[in-house]
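Protein chains in written order, with this note's numbering: chain A, 13 to 497; chain B, 117 to 169.
No lab work stands behind these hints: they were computed from the structure.
Some hints could be false.
[Said to hold, decoys possible] Only pairs whose alpha carbons sit at most 16 Å apart, straight line, appear in this in silico EDC-like list of lysine to aspartate or glutamate: (1) A:261 with B:131; (2) A:254 with B:136; (3) A:254 with B:131; (4) A:261 with B:136.
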Amino acid sequence: MSTTANAMFDRGPAAPGAYATATGELFDRELILRYMAAASFWLVFAPTVGAIVALKFNFYDFLGHISWLTWGRLRPVHVMGVVFGGFSTAVIGLTYYIVPRLCGVPMYKERWGHHIFWMWNIGLAVGFISLALGYNSGIEAGEFPLWVSIPVEIVLCMLTIQVLGTIKNRTEPRLYVTLWYLTAAYIWTALNYAFGHFILPYSMPGVNNAAMHGLYIHYVVGLWITPAGLAVAYYFLPLAAKRPLYSHKLSLVGFWALAFFYPFVGTHHYIYSPIPYWTQTIAIVASMMLIIPVWTVVANFYGTFVGAWKQFQDSYPAKFIIIGALYYFVGCFQGSTEALREMQRLTHFTDFVIGHSHLTVFGTFVIWATAGMYWVTPRVAGRELYSKNCAQWHYWLTVVGFSIMAFDLTIQGLMQGTMLQAGADFVDSMSAMKPYWFVRSLAGIGMDIGAALGFWNLYMTIKHGKLIPVPPGAPANYLPEPKWS
Amino acid sequence: MSDKDSHSESITRYEGPGIEERHGIIPTWLAIVYAVMFVWMIWYTIVFWTDKG
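Can you make the complete structure from the sequences, with help from the hints?
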């Protein structure tokens, strides 16, 4: 461990060293804290870019004279920034915490974690600069150019090997549901990322490319963001509720229903397109059938919390998990029904779709990743949360801001769809949306301020949080119980 | 308590993180949702397999 790294993360006495195998610890505290800090940065950066993009709807000339700050350049930075920058960096960091604890052994090829950290974060930074400079592979949610895709793919393969190797070496006899989801997420994504970045942009022209792109983009959502987010939520849910998980049976149903139905949903982006009718029907049916895993997960989550609502008051991870489960229920129901032909006719090309994507990606999965960060950061740092007020502002600005944004986009989409169906001119339907766009921007800026406060708070927790005393004779893997997290 | 009840109430503990998990049940209302969705799936697939539906 370098002196610089030590100085950066001046850890508490519960953190005796850098590498787990060298200290008898199960996980590498230094590495996890670095990931938490990096994820905090990306989770402020990417939504800020989103707020700038949103403002351009109302103020057309805002930053429009600088090519790398135009809408077309910044929008992919926002999307890729949230998906791969903020959410994925947090999940990778949490993987280094969760997997060793569930397997009872240190991470396989543990030192790879530090190489991966740098390769991943430098890759992301180069990727966002490249996108801003106009280098874009043209595949939505797979927009990084080749020189970024290659290191990212290597990282995904290394992570998959680490997770599988750790599971192979485990001492814990049973695999908790989190490990099913994480393993599946890494394997699926290592394959899907290669598909979206190395095959799709260079082959399959025309409508076939569109059909396959539908699959790719939904595999990013359904076979990476969803299982990785659920893995995190399933891990921290019973801990935050201080109760047993409600039902192992429901976990099984939820996992296999997701694995079975999600791979078919992609084509629902192309209803009424030249893609064969039966393919569209399969996508619609699979989308609706996702009601099964979603309701199953929500029943499991709320079933776990029944009788433990006090935790909701006292614990920020609990607060974020529960509100995320609510958005999950609403957002995914909206997504399923949106695939139906009648609903597509009304909502396609409107901001209803944008509302849905925000409800699921941000409202659910980024919020669950945030819950994990609130749980892990103080414990691994051995410090109390730096500021309860900042955490409180983070939570409420997120909930209020995001609820307004999601409601606003949904109503706006339905109105615009109704106008278009009634024969209104497209430009007129755009003009009528101006007040809604303005409200969305304000709500987004509020959320962004909340995120900045919250993630600054986590960073300050790592650096300056009050040290929690370690009891004499505490084992190497001892983790303190900080207040509020 | 019947064997079935005691099985569904049995708890598995994952020592590392201290997570506990009930074997649990599938609530009846949720099983009905599964059944309704399954029937709907068959109906929609047959009726809308082609645009003649």
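Going through the hints against the structure:
no.	hint	in the structure
1	A:261 with B:131	violated, 20 Å
2	A:254 with B:136	holds, 9 Å
3	A:254 with B:131	holds, 14 Å
4	A:261 with B:136	holds, 14 Å
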